[in-house]
Amino acid sequence: MLVSLNWLKNYVNIGSISPEELAEKITKSGIEVDGIEYVAEKSENVVVGYIRSCEKHPNADKLNLCQVDVGEETLQIICGAPNVAQGQKVAVAKPGAVLPGDFKIKKVKLRGVESNGMICSLQELGIEEKYVPKDVAEGIFVFPEAVTVGEPVEPILNLNDAILEFDLTPNRADCLSMLGVAYEVAAILDQPVKLPNPKPAMVEEDAHQFISVEVEAPEWNPYYGAFIIRNVTINPSPLWMRNYLIAAGIRPINNVVDITNYVLLEYGQPLHAFDYDKLDSDKIVVRRAKEEEAIVTLDEQERTLSNEHLVITNGKEPIALAGVMGGLNTEVTEGTTNVLLEAAFFAGNAVRNAVKSTGLRSESSTRFEKGIDPNRVKLAGLRACELLEQYADATILKHVVEFDELDQTEKQVEMDTTEINKRLGTELETKQIVDILHRLQFAFEQHDDQITVSVPTRRGDITIFEDMLEEVARIYGYDQLPYTLPVGASQAGALTNKQAMIRKVKSLLEGAGLMESRTYTLISDNAVSKLISPEIKEGQFVPIELKLPMSEDHKYLRQSLLPELLRVISHNQARNQIDLAYYELGSVFLTKERELTKQPDERLRLAGAISGKWMDHPWQQDNKTVDFYVLKGIVEKLFDYLDVSVSFNQAKIADMHPGRTAELKLGDKRIGFIGQVHPSLQKQWDLKETYVFDINMDEVFYAYTPSLTYKTIPKYPSIVRDIAFVLDKDVLAGEVKKTIAEAGAPLVKQVDVFDVYQGEHMEAGKKSVAYSLVYQDPEKTLTDEEIQASFEKIIEDVTQKYQAYIRS
Amino acid sequence: MREQLQAIEKDALEKIANANDTKTLQDIKVTYLGKKGSLTSVLRGMGKLSKEERPVVGELANQVREKITTTLEEKGEKLEQIALEKQLEKEAIDVTLPGRPVKIGGPHLLTKVIEEIEDLFIGMGFEVRGGPEVETDFYNFESLNLPKNHPARDMQDTFFISNELLMRTQTSPVQARTMREYGGNKPVKMISPGKVYRRDTDDATHSHQFTQIEGLYVDKHVRMSDLKGILDTFAKKMYGEDREIRLRPSFFPFTEPSVEMDISCKVCHGDGCSVCKGSGWIEILGAGMVHPNVLSMAGYNPEVYSGFAFGMGPERIAMLKYGINDIRQFYTNDIRFLKQYHNA
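Here the protein sequences come in this chain order: G and F. Okay, so the first sequence: first residue is 401 according to the working numbering, each after it adds one. Okay, so the second sequence: first residue is 18 according to the working numbering, each after it adds one.
Simulated from the structure, these hints should not be mistaken for lab results. Glycine included, C-beta positions come from ideal geometry on N, C-alpha and C. Some hints here could point you the wrong way.
Stretches of chain G that chain F covers, calculated by requiring three or more beta carbons in the stretch to come under 8 Å of a beta carbon on chain F [unchecked claim]:
1) 874 to 881
2) 894 to 903
Among the chain G residues that face chain F by a calculated CB cut under 7 Å, a handful are [unchecked claim]:
3) 460
4) 884
5) 885
6) 917
7) 950
8) 952
9) 974
10) 976
11) 977
12) 978
13) 996
14) 1000
15) 1017
16) 1018
Below, a list of computed lysine-lysine pairs in the DSSO-like style, where the Cα atoms sit at most 27 Å apart [claimed, not checked]:
17) G/690 - G/904
18) F/237 - G/690
19) G/1037 - F/129
20) G/898 - F/212
21) F/27 - G/428
22) G/998 - F/165
23) F/212 - G/904
24) G/428 - F/165
25) F/253 - G/425
26) F/165 - G/947
27) G/822 - F/203
28) F/294 - G/425
29) F/254 - G/904
30) F/237 - G/756
31) G/1088 - F/356
32) F/203 - G/425
33) F/120 - G/904
34) F/338 - G/428
35) G/428 - F/294
36) F/165 - G/811
37) G/947 - G/998
38) G/992 - F/212
39) F/212 - G/947
40) F/120 - G/1032
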């Protein structure tokens, strides 16, 4: 809503307060003023001039030589405008004037003849092109009515007006009218409001003879008022009205259109004018549209309707889509003489339905959608009639032809001083509250500390005590409220175990070299089926699709974090950032329902991706490219750190390198995978060799128990023994390790691979794997005999199970 | 013999002084002090001496042995020292060459902001709660006083999955869920950080996915001044003790009265500059007293319980704090962007 301060001054005395100060006060009281604009930049030395004579320039066909009376003197001015003529009153920029855009007016010679100033168009005076009325858009501006020669034009054309731009929250529909704004400003400044009191001089003839009104859908249209207006003369509207409309961001058209727009802005009440002679009937019937019924609206579009729409009909066919747009069949044109003026109350949801299906949103529909004041509907009609009499020489027939089931009663809200103070934390006295109610101009009854407020119908947003609490608080001033801290019992705040674990996991991964990423949940058709962990893939889950996505890229809910994580890798690598290591924690969304009827499972997963060089120490020739074992090392460390044991098992997984991928198991439960992205997918997604992991963190959390008890540090020394086996190439080192650990239990505490060899000193198809075994007994120092016995059992088990032999 | 001994001492000391390596010293030691050394052979001839002379010469011989031994040791240490110095000189390296790199990752900037806020509120006794990102219409809207067809639903364009399921547009449904879980008779003191979604086209200032942190405090006798106190504490801890807060009336369907909170601009301290668009204030969060409909729908009697709620956007906070001008940066995860905030 654009609020012209000059217009506002008609209803409330704002004194000498500057626009900036007023904007600040309004903002602090609850309506954000987004900006202050001026109709035009300041222009000096521009006055009203009278063109005494206008002749052709002796040396130029398209120029005219004018003698212009500007009060104290007569100036010779050359003007090129096509519409300049003798006898006009115009805006003259005298020599020395400065027009918007820092345009300085000087005495000049044009084709040998002196010109002492400039006759201006509205655009030259700084009015935006889109608001300039069409009749004066080409050429100079001519005053349409009596103005005094020599007077400055700035106030006459309202060029000095400041416009406050209100950013209204949906509850403050009352301020979609100048009268509503006046009440608001009056309350803030503690001033009275001066309201218009429309009293059109109606003629004796009764409108009922010419029209009848029936409403078949009163739930959507509780009030319909029809005024019959005769002998309208279409003309430009008066200058003051044009000025205000321009200030409010509406281009003036003609008196009839301008008056309905003016009253719309003044009262917040949309009105609609029908050409009475095109009505083709003597009745108005308001009803729900029939299925497939059509109307051609004023914008010449044919609209197909349903019974979710409310239409105004002439008893036969629709002549308007209620509250949204009139029909072309009854349009008011230059030739219109008799008008049916509609002032009605349409329900917000009826109008909203029409706006939604047609996409037509207008100043009118917005007001109906947000709710209008039931007590202003008829008044606004009367106000328009009064203005039409004055400015369109119209005759208004007696009586409004009405359908009226409108509830105009004021809501009663009870409050008391104690409760207000208890809720706000203040120590207000009843008389301060009463004073606020006076400022708001709310009627009320008071008994001691009990106050019953009759909420004016213009404030449809106030229905309960809390709404009144806000009114009291905001007029009192939010900045006046004290600062306190809650008095209730205090409790300790803390992270839950899971939240704490997640923070640990994050800091471990970050310390291990991974950067956290945050990617999108909504992904593309192409990405949604990729890199899904096998236990999810086999679960036959269906990707969840949005009903109305904004783009193809963000259409499905992810089942894996990896496609987006790989997008991050490829984005960076395309920008020559090659060496990368990322992780992400986030939810995936799983359902088996094709049509979702309940919320999907949201599972927390941890994913990581590394690519490029892991270590880069060129002057030492010590460079390490990422590989499976770099990433596995990080994942192992993570589980080690959480004290959760998992196993890695060779696996073939879609979109992954068939020989470089392992599935992760926690006990018997499959919880994710690790490996190299399949080279064809790497190629397709523009990735360098990239390794990824994906883990179900919910399962990890169930298995995680934070250490709470002290474990004795062994007093007796441990003994390390090494052993190397020659094995078939395909035997897995991890399997052998398991056998060693089992055979060596309980004395063998730790088994680690420390060497793997395959090559010229080894027979074909064989490899040597060397293990280092740590022996320890917490109770005593181990003897050589004990160790030897265990060692021999290990050798026996391994050699038998894997047809291995000891490498000598 | 006396003269012999003195000659040996003189001779030996001279040789030690001239020795330049430990090998020579070793040879000297053998030559004079060894089993076949000159001092030893002199001592062997002591038997020929008279009873009176023996102890005198014996002592002298011991003194000579002592002297040679000490001198040898001293010289030995000196030579070792020299050798060590030479060795260390050889071992010198160029300390200006770069060290072996250690790979360190880091949290995402949004995580830093979120954890900072979490820690602040945990310190004030709040718990941190999460909830589903796919929400029901009931929890996302209706339980928050936004019935179907409420005009304020236009304020947040929603990604629907079905008529009843949607991508949550706010983290407030977590509040409604928590209140229901608490059963209407326990105080609630919580914040809920998380991802939210709106039907927006991504550009420099809009993102279809972003994060939000909402807070809720419900108890008996919670006052609007308490909201002001908590927000002031938060703002000063988060943005600095010298920052002022300003509350303005606003509108949210789930709170009444509703509040918009500004903090004084850190650049101009309220005088007006380009960062705060001339107003001296920067809008930082929305808040208000929990609407009685929200309380009663969650099982809390609004006659007995009252409370406040607030919500803020970590992206906006980070953008203001670090001067980031494109919200998409948070989701592009360009390594050059993420690395900038290592020490933030």
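The hints, checked one at a time:
{"no.": "1", "hint": "874 to 881", "in the structure": "holds (count 4)"}
{"no.": "2", "hint": "894 to 903", "in the structure": "holds (count 5)"}
{"no.": "3", "hint": "460", "in the structure": "violated, 47 Å"}
{"no.": "4", "hint": "884", "in the structure": "holds, 4 Å"}
{"no.": "5", "hint": "885", "in the structure": "holds, 5 Å"}
{"no.": "6", "hint": "917", "in the structure": "holds, 4 Å"}
{"no.": "7", "hint": "950", "in the structure": "holds, 6 Å"}
{"no.": "8", "hint": "952", "in the structure": "violated, 13 Å"}
{"no.": "9", "hint": "974", "in the structure": "violated, 11 Å"}
{"no.": "10", "hint": "976", "in the structure": "violated, 10 Å"}
{"no.": "11", "hint": "977", "in the structure": "holds, 5 Å"}
{"no.": "12", "hint": "978", "in the structure": "violated, 10 Å"}
{"no.": "13", "hint": "996", "in the structure": "holds, 5 Å"}
{"no.": "14", "hint": "1000", "in the structure": "holds, 6 Å"}
{"no.": "15", "hint": "1017", "in the structure": "holds, 5 Å"}
{"no.": "16", "hint": "1018", "in the structure": "violated, 9 Å"}
{"no.": "17", "hint": "G/690 - G/904", "in the structure": "violated, 64 Å"}
{"no.": "18", "hint": "F/237 - G/690", "in the structure": "violated, 54 Å"}
{"no.": "19", "hint": "G/1037 - F/129", "in the structure": "holds, 24 Å"}
{"no.": "20", "hint": "G/898 - F/212", "in the structure": "holds, 18 Å"}
{"no.": "21", "hint": "F/27 - G/428", "in the structure": "violated, 106 Å"}
{"no.": "22", "hint": "G/998 - F/165", "in the structure": "holds, 19 Å"}
{"no.": "23", "hint": "F/212 - G/904", "in the structure": "holds, 21 Å"}
{"no.": "24", "hint": "G/428 - F/165", "in the structure": "violated, 31 Å"}
{"no.": "25", "hint": "F/253 - G/425", "in the structure": "holds, 25 Å"}
{"no.": "26", "hint": "F/165 - G/947", "in the structure": "holds, 18 Å"}
{"no.": "27", "hint": "G/822 - F/203", "in the structure": "holds, 20 Å"}
{"no.": "28", "hint": "F/294 - G/425", "in the structure": "holds, 17 Å"}
{"no.": "29", "hint": "F/254 - G/904", "in the structure": "holds, 25 Å"}
{"no.": "30", "hint": "F/237 - G/756", "in the structure": "violated, 43 Å"}
{"no.": "31", "hint": "G/1088 - F/356", "in the structure": "holds, 21 Å"}
{"no.": "32", "hint": "F/203 - G/425", "in the structure": "violated, 40 Å"}
{"no.": "33", "hint": "F/120 - G/904", "in the structure": "holds, 18 Å"}
{"no.": "34", "hint": "F/338 - G/428", "in the structure": "holds, 24 Å"}
{"no.": "35", "hint": "G/428 - F/294", "in the structure": "holds, 17 Å"}
{"no.": "36", "hint": "F/165 - G/811", "in the structure": "holds, 24 Å"}
{"no.": "37", "hint": "G/947 - G/998", "in the structure": "holds, 15 Å"}
{"no.": "38", "hint": "G/992 - F/212", "in the structure": "holds, 24 Å"}
{"no.": "39", "hint": "F/212 - G/947", "in the structure": "holds, 19 Å"}
{"no.": "40", "hint": "F/120 - G/1032", "in the structure": "holds, 16 Å"}
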